[in-house]
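Colleague: Sequence:
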Amino acid sequence: MIASLTGRVARIDLDALVLEVGGVGYLVRTTPQALSATRHGAELMLHTELVVREDSMTLYGFPRADEAETFRIVQSVSGIGPRTALAVLAVLDPEELRRAVAEQDAKTITRTPGIGPKVASRMLLELGGKLPAPSGSLPVSGTEAAAPAAPAAPGVDTDVVAALVGLGWAEKASLAAVEKVRADREAEDAEELDAAQLLRHALRRLGGNR
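Heads up: the sequence shown begins at 63 in the numbering used here, then just goes up one per residue.
Among the hints, erroneous ones may be present.
[What the hints assert, rightly or not] Capping the alpha-carbon separation at 20 Å, the derived lysine to any residue pairs in SDA-like fashion look like this:
#1 LYS192 <-> THR170
#2 LYS234 <-> ALA152
#3 LYS192 <-> GLU254
#4 LYS180 <-> PRO196
#5 LYS242 <-> ALA225
#6 LYS180 <-> SER197
#7 LYS180 <-> ALA195
#8 LYS180 <-> VAL139
#9 LYS169 <-> ALA182
#10 LYS192 <-> ARG247
#11 LYS192 <-> GLY143
#12 LYS192 <-> SER138
#13 LYS169 <-> PRO125
#14 LYS234 <-> HIS263
[Unchecked claim] With beta-carbon atoms standing in for the labels, derived distance ranges:
#15 LYS169 <-> ALA127: 25 to 31 Å
#16 GLN259 <-> ALA232: 18 to 24 Å
#17 GLN259 <-> SER140: 17 to 23 Å
#18 ASP167 <-> PRO125: 24 to 30 Å
In short, the hints are calculated from the structure, not lab data. We treat Cβ as the ideally placed atom computed from N, Cα and C, and that holds for glycine.
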């Protein structure tokens, strides 16, 4: 599996670019936003997903890891393939999609060409619990008095929850595990964890349960 590529932009097309890595040119399909943000000859790193079909092998890539993860998760919806998933990300960034799912906002999802109310409703149903909670609206457990004990690095926590969801755990259980690890560290007055350490501790807490 090709997880990422770093190289020089050799060509830019309407819906893809060619990234030259070690003398090999990789054709990578991506979003209009990614294409407009780069230029010929620029150094670029893309998080990638290789989609294999009986008659084709297509590489999709994204500048941000959360875009690649969202691309994978959206394809878990029945009837949604990589082209539609890419179209969703061309219209909605991961945060907008997370918010639409959290608020059950089918109208926002139907902004994607080719997705009508029926498909949007199915996406809301099947994506529930798979995407991380949108920023600023993470569930709060306990009383209001516990609010000051919120994690000091919410961006890292969101990334770790997304990683856990990608590994197969439910979003609610993943968030609870991350919050518990943070609470334990605060109680022990231990040093701050980076993303890799936090993920490792959360995985230990989740154990083998899915």
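Colleague: Which of the stated hints cannot be reconciled with the structure, identified by number in ascending sequence?
Modeller: Hints 2, 3, 4, 6, 7, 10, 13 and 17 are the ones this structure does not satisfy, whereas the remaining hints hold.
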